[in-house]
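Enquirer: Respectively, the protein sequence lines represent chains A and B. Just so it is clear: in the first sequence, position 65 is 360 by my numbering, and no numbers are missing. Just so it is clear: in the second sequence, position 63 is 489 by my numbering, and no numbers are missing.
Note that these hints are calculated values from the structure, not bench results. The model shown is predicted, which means the values in this text are computed figures rather than measured ones. Quick reminder that beta carbons are idealized off the backbone N, C-alpha and C, glycines included. Don't take each hint at face value.
[What the hints assert, rightly or not] As a list, the in silico EDC-like pairs of lysine to aspartate or glutamate whose alpha-carbon atoms are at most 20 Å apart: (1) B:Lys-495 <-> B:Glu-514; (2) B:Lys-495 <-> B:Glu-446; (3) B:Lys-528 <-> A:Asp-325; (4) B:Lys-528 <-> A:Glu-339.
[What the hints assert, rightly or not] Which stretches of chain B does chain A cover? Using the computed rule of at least three CB atoms under 8 Å from a CB of chain A, they are: (5) 460-470; (6) 529-540.
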Amino acid sequence: DAGVIQSPRHEVTEMGQEVTLRCKPISGHDYLFWYRQTMMRGLELLIYFNNNVPIDDSGMPEDRFSAKMPNASFSTLKIQPSEPRDSAVYFCASSQPGTGSEKLFFGSGTQLSVL
Amino acid sequence: AQSVTQLDSQVPVFEEAPVELRCNYSSSVSVYLFWYVQYPNQGLQLLLKYLSGSTLVKGINGFEAEFNKSQTSFHLRKPSVHISDTAEYFCAVSPLNTGFQKLVFGTGTRLLVSP
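Looking at chain B on its own, in the form it has when it is part of the complex (with noise of 0.2 Å):
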């Protein structure tokens, strides 16, 4: 089985500030990583994914994540937020050998950028 680590429940940040948001993960066969966005009142919208390749992804609205298979994570950054990046952030992973079709997520870290 999988499971994902989202240490942080709550990240505040100052506009202009760079940010990360960790995640970690556990599986015993390889996967494929995600991070997904949900804005208040919407549902999620996915930011990015590893699949395979560079270990430094990146993704829609500046953000960034690398991974790193000897620490098992797969942290999510952003050099400066805007007050619009204002949203939960969710890390997802995938095993490799059920095509995609599962998907299990982290609790999620909210973002909150204030001015």
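In isolation and in its complexed conformation, chain A is listed as follows (with noise of 0.2 Å):
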């Protein structure tokens, strides 16, 4: 298996655009967890899936920040308008059914920055 695979890898922009990340989660896996990363916080859960149905969204910081999953095979998150403070490394993962957040499994994640 491929694992999970996020695109971009990177992605620059200005303050103000749309960004918007994605995520293919590994075949099988039924749960789909979106986590920001930064120096000052750490890691974030931000939003996490089951059956393709958002369970909590408790932890995207605010409205500018969506995601869906449209089917088992894709996930994305998108942020409009972007800022600044919306640096920072997104991860997606996935997890086995029944499993939830007992054992994750990372993509390499997207490095965002928002000029």
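Using the hints, build the complex out of the two chains.
Expert: Spelled out as structure tokens, the structure:
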């Protein structure tokens, strides 16, 4: 299996622009998580899905952030409009049925820089 | 709510020396405990986990951790480190009453192994 695939690996954009991050979970996994990693705050859970349904989005910073999972093999995290404080590494992770966060498989992340 | 404290942001050590990375947590409910490792430019990988049973848990790459309920600690140890162990290590907890659905991470400890 190719593992969790995230794209792009790096994204540089200007303040105010829309940013879309993409994630393909491991086939057969039914949980999908979006995390944000910064030096100041470490790893923060933004939102997670179970069977394509958003379960908890309490970690989403504000209305500028939105996430979707239209099918079992694809999810997006969108920031509109982007701000410099959104600069971070965004990770997607998935896990096997029935395990939740017991064992997460992480993608390599998207390094986002908002100028 | 849960919180995880990793007091050491960076731990330098010589190759073949022993190492201990400290982790303390705070929670009003019982938790499961995890250690993840992040190699440069990669996502996180599960090292080991404590769910129940023996308080000494063995993981991959020769690492082990001991759960101490009275001290609310879950320190990670390795008797002899290699250069390849250079990475960032994250301690995490998941409350029992969420069914593994939410993982709270510490801020990480960077292990630097030199020859």
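Enquirer: Look at each hint and say if it fits the structure.
Expert: The hints, checked one at a time:
1. Taking the CA atoms of B:Lys-495 and B:Glu-514, the gap is near 25 Å; set against the 20 Å cutoff, the hint is violated.
2. With a C-alpha separation of about 18 Å, the suggested pair B:Lys-495 and B:Glu-446 falls inside the 20 Å cut-off, and the hint holds.
3. With a C-alpha separation of about 15 Å, the suggested pairing of B:Lys-528 with A:Asp-325 holds against the 20 Å cut-off.
4. As the CA atoms of B:Lys-528 and A:Glu-339 are separated by approximately 11 Å, the hinted pair is consistent with the 20 Å bound.
5. Coverage of the segment 460-470 of chain B by chain A holds in this model, with 5 residues showing a Cβ closer than 8 Å to a Cβ of that chain against a need of three.
6. Proximity of the segment 529-540 of chain B to chain A, defined as three or more residues with a beta carbon under 8 Å from a beta carbon of that chain, is established by the 6 residues found.
When the structure is compared with the earlier hints, a violation turns up for hint 1 alone.
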